[in-house]
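A.B. asks: So the protein sequences, as listed, match chains W and U. Taking this note's numbering, I'd label the letters of the first sequence as residues 68 to 292. Taking this note's numbering, I'd label the letters of the second sequence as residues 68 to 292.
There could be a bad hint or two in this list.
Claimed, not checked - Computed from the model, here is a short list of chain W residues facing chain U with C-beta under 10 Å:
hint, residue
1, D71
2, Q181
3, Y184
4, N263
5, H265
6, E268
7, L274
As the list claims (entries may be wrong) - Across the chosen pairs, the derived CB separations fall in these ranges:
hint, chain 1, residue 1, chain 2, residue 2, range
8, W, E158, U, D78, 34 to 40 Å
9, U, S114, W, Q181, 38 to 44 Å
10, U, G126, W, R279, 58 to 64 Å
11, U, D220, W, A165, 26 to 32 Å
Said to hold, decoys possible - Away from chain U, derived, C-beta distances all over 12 Å, residues of chain W:
hint, residue
12, P73
13, D151
14, R154
15, G191
16, A215
17, D227
18, D235
19, V256
20, Q266
21, A269
22, A272
In case anyone wonders, no lab produced these hints; they're calculated from the structure. Glycine is no exception: its CB is placed at the ideal position from the N, C-alpha and C atoms.
Protein chains: 2
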Amino acid sequence: MSTDNPTDVPDVSGVSIGILGGTGDQGKGLARRFGLAGHTVLIGSRSAGRAQEAAAALGGTVRGAENAAVAAEADVVIVAIPWDGHRSTLESLRAELAGKIVIDCVNPLGFDKQGAYALPVEEGSAAQQAAAVLPDSRVVAAFHHVSAVLLLDPEVAEIDLDVLVLGDDREATDIVRGLAGRIPGVRGVYGGRLRNAHQVEALTANLISINRRYKAHAGLRLTDI
Amino acid sequence: MSTDNPTDVPDVSGVSIGILGGTGDQGKGLARRFGLAGHTVLIGSRSAGRAQEAAAALGGTVRGAENAAVAAEADVVIVAIPWDGHRSTLESLRAELAGKIVIDCVNPLGFDKQGAYALPVEEGSAAQQAAAVLPDSRVVAAFHHVSAVLLLDPEVAEIDLDVLVLGDDREATDIVRGLAGRIPGVRGVYGGRLRNAHQVEALTANLISINRRYKAHAGLRLTDI
Numbered sequence: 068m069s070t071d072n073p074t075d076v077p078d079v080s081g082v083s084i085g086i087l088g089g090t091g092d093q094g095k096g097l098a099r100r101f102g103l104a105g106h107t108v109l110i111g112s113r114s115a116g117r118a119q120e121a122a123a124a125l126g127g128t129v130r131g132a133e134n135a136a137v138a139a140e141a142d143v144v145i146v147a148i149p150w151d152g153h154r155s156t157l158e159s160l161r162a163e164l165a166g167k168i169v170i171d172c173v174n175p176l177g178f179d180k181q182g183a184y185a186l187p188v189e190e191g192s193a194a195q196q197a198a199a200v201l202p203d204s205r206v207v208a209a210f211h212h213v214s215a216v217l218l219l220d221p222e223v224a225e226i227d228l229d230v231l232v233l234g235d236d237r238e239a240t241d242i243v244r245g246l247a248g249r250i251p252g253v254r255g256v257y258g259g260r261l262r263n264a265h266q267v268e269a270l271t272a273n274l275i276s277i278n279r280r281y282k283a284h285a286g287l288r289l290t291d292i
Numbered sequence: 068m069s070t071d072n073p074t075d076v077p078d079v080s081g082v083s084i085g086i087l088g089g090t091g092d093q094g095k096g097l098a099r100r101f102g103l104a105g106h107t108v109l110i111g112s113r114s115a116g117r118a119q120e121a122a123a124a125l126g127g128t129v130r131g132a133e134n135a136a137v138a139a140e141a142d143v144v145i146v147a148i149p150w151d152g153h154r155s156t157l158e159s160l161r162a163e164l165a166g167k168i169v170i171d172c173v174n175p176l177g178f179d180k181q182g183a184y185a186l187p188v189e190e191g192s193a194a195q196q197a198a199a200v201l202p203d204s205r206v207v208a209a210f211h212h213v214s215a216v217l218l219l220d221p222e223v224a225e226i227d228l229d230v231l232v233l234g235d236d237r238e239a240t241d242i243v244r245g246l247a248g249r250i251p252g253v254r255g256v257y258g259g260r261l262r263n264a265h266q267v268e269a270l271t272a273n274l275i276s277i278n279r280r281y282k283a284h285a286g287l288r289l290t291d292i
């Protein structure tokens with residue numbers, strides 16, 4: 068398989084997906100879309116009860132459980148937790164996440180009167196922090212820019228967006244590109260190594276400014292590929 | 068004028084454009100496109116002779132001169148110099164650039180065997196360094212992602228790209244959005260305040276990785292605006 072073409076991705080239809088922090092808007096939105104695409108989806112939360120509520124609201128095949136149970140069961144795990152508890156939550160799940168593909172989509176941002184801005188991260192980025200905390204996992208960065216509003220909107224059939232997929236493990240980034248492509252309209256595009264994740268996470272602050280100025284849910288598309 | 072629509076920009080057809088570091092590929096490429104659009108274009112270099120050679124090679128109305136003369140004469144000045152001499156060159160032109168719109172398109176990048184990566188910048192970004200060094204200028208960040216190869220290619224009539232325009236001075240960013248739109252195919256889109264310039268500069272490293280993977284000259288488009 069050549070993957071030098073963004074439409075050329077592995078078959079990931081049988082992959083089960085866990086979403087840590089799946090009760091937040093981003094997590095719920097991704098759960099909804101992957102459920103619609105036919106995946107087994109497990110929503111994780113610190114509270115099993117809240118996870119089950121969020122899963123029930125989405126319906127279909129989406130189930131809810133505690134973060135640790137989700138991390139242990141799912142084939143691929145998406146980290147959609149708030150930046151605040153990022154390090155400690157991942158540290159507590161190191162054993163369950165060992166050997167798995169872990170997709171970090173967390174954007175470390177601050178907000179003030181002038182809008183959003185990137186927070187400094189000791190390791191360089193949330194994704195690099197995940198890789199440092201989870202040395203036995205295959206950490207990939209992706210899904211930073213997808214709008215939770217669009218993911219959750221039942222009127223939106225397709226999302227006009229390229230998901231940038233970053234990582235140092237070629238097979239893992241190919242699988243995640245495949246997962247991105249399971250959302251109608253979305254293309255998963257390789258976006259560089261993990262050391263270049265910071266700017267992709269931080270660019271979410273710019274998208275927030277753009278959305279405010281143009282009253283939009285802006286996404287990125289890459290031209291010429 | 069409402070500028071909450073990216074196609075709604077001021078008339079900038081009479082604006083003269085100076086390009087510091089205009090003998091580099093990025094500078095020459097921008098000079099070529101602005102010359103084709105009918106602007107008076109002044110290429111600047113440390114050496115007047117090299118600036119004149121570069122201008123002669125482009126032909127048309129493009130002229131060459133020393134950086135200081137270009138900074139003094141042009142209405143709007145684009146900074147396309149290497150990151151290495153960024154601070155010292157701007158410091159030496161503070162008087163000439165006072166009161167002017169200064170467009171910084173410099174990407175502070177390092178390169179090694181794994182490709183490109185973002186360099187740390189004390190002020191946060193090249194654009195913020197320019198603003199710190201030039202307190203009397205109106206600093207705007209733009210044109211980071213436009214491919215010099217495409218700008219210089221006579222076979223390329225249109226460039227499929229949104230130029231992100233960042234700054235804290237609304238009138239200045241509107242004028243620069245107008246200038247971006249003078250390149251056929253290009254749209255100038257407001258991209259946030261100057262404090263969010265770092266990630267736009269650094270994203271050039273990701274585009275370099277993307278270009279290498281997909282054998283492309285990738286550009287960004289924003290969807291839904």
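A.B. asks: Look at each hint and say if it fits the structure.
C.D. replies: Verification of the supplied hints:
1. Taking 10 Å as the C-beta cut-off, the interface hint given for D71 (chain W) holds, the closest approach to chain U being about 6 Å.
2. A least Cβ separation of about 6 Å between Q181 (chain W) and chain U falls short of the 10 Å threshold, and the interface hint therefore holds.
3. Because the closest C-beta pair between Y184 (chain W) and chain U is about 6 Å apart, less than 10 Å, the hint holds.
4. At about 5 Å, the closest approach between the beta carbon of N263 (chain W) and any beta carbon in chain U falls short of 10 Å, and the interface hint on this residue holds.
5. At a threshold of 10 Å, the smallest CB-CB gap from H265 (chain W) to chain U is about 7 Å, leaving the interface hint in force.
6. With a cut of 10 Å, the hint placing E268 (chain W) at the interface with chain U holds, because the nearest CB-to-CB distance is about 8 Å.
7. With a cut of 10 Å, the hint placing L274 (chain W) at the interface with chain U holds, because the nearest CB-to-CB distance is about 8 Å.
8. A C-beta distance of roughly 57 Å is found between E158 (chain W) and D78 (chain U), which places it outside the suggested range of 34 to 40 Å.
9. Taken as a hint, the range 38 to 44 Å holds for the pair S114 (chain U) and Q181 (chain W), whose Cβ atoms sit roughly 41 Å apart.
10. Between G126 (chain U) and R279 (chain W) the CB atoms are about 43 Å apart, so this pair departs from the stated range of 58 to 64 Å.
11. Hint check: D220 (chain U) to A165 (chain W), Cβ distance near 49 Å, so the stated range 26 to 32 Å is violated.
12. Its closest Cβ contact with chain U, about 7 Å, brings P73 (chain W) to no more than 12 Å, contrary to its assignment away from the interface.
13. Non-interface status of D151 (chain W) relative to chain U is upheld: no Cβ of that chain comes within 12 Å, the nearest being about 21 Å off.
14. Residue-level check passed: R154 (chain W) sits 21 Å from the nearest beta carbon of chain U, beyond 12 Å.
15. Chain U draws G191 (chain W) into its interface by the beta-carbon criterion, the shortest separation being 9 Å against a cut-off of 12 Å.
16. The Cβ of A215 (chain W) sits about 14 Å from the closest Cβ of chain U, beyond the 12 Å cut-off, so the non-interface label holds.
17. Look at D227 (chain W): its CB is around 4 Å from the nearest CB on chain U, not clear of 12 Å, so calling it non-interface is violated.
18. Separation of D235 (chain W) from chain U is inadequate, the least Cβ-Cβ distance of about 9 Å not exceeding the 12 Å criterion.
19. At roughly 7 Å from the closest C-beta of chain U, the C-beta of V256 (chain W) falls inside 12 Å, breaking its exclusion from the interface.
20. Q266 (chain W), annotated as away from the interface, has a beta carbon of chain U within 12 Å; the closest lies near 4 Å.
21. With a least beta-carbon separation of about 4 Å from chain U, A269 (chain W) fails to lie farther than 12 Å from that chain, contradicting its non-interface assignment.
22. Against chain U, the non-interface label of A272 (chain W) is violated: not every CB pair exceeds 12 Å, the least being about 5 Å.
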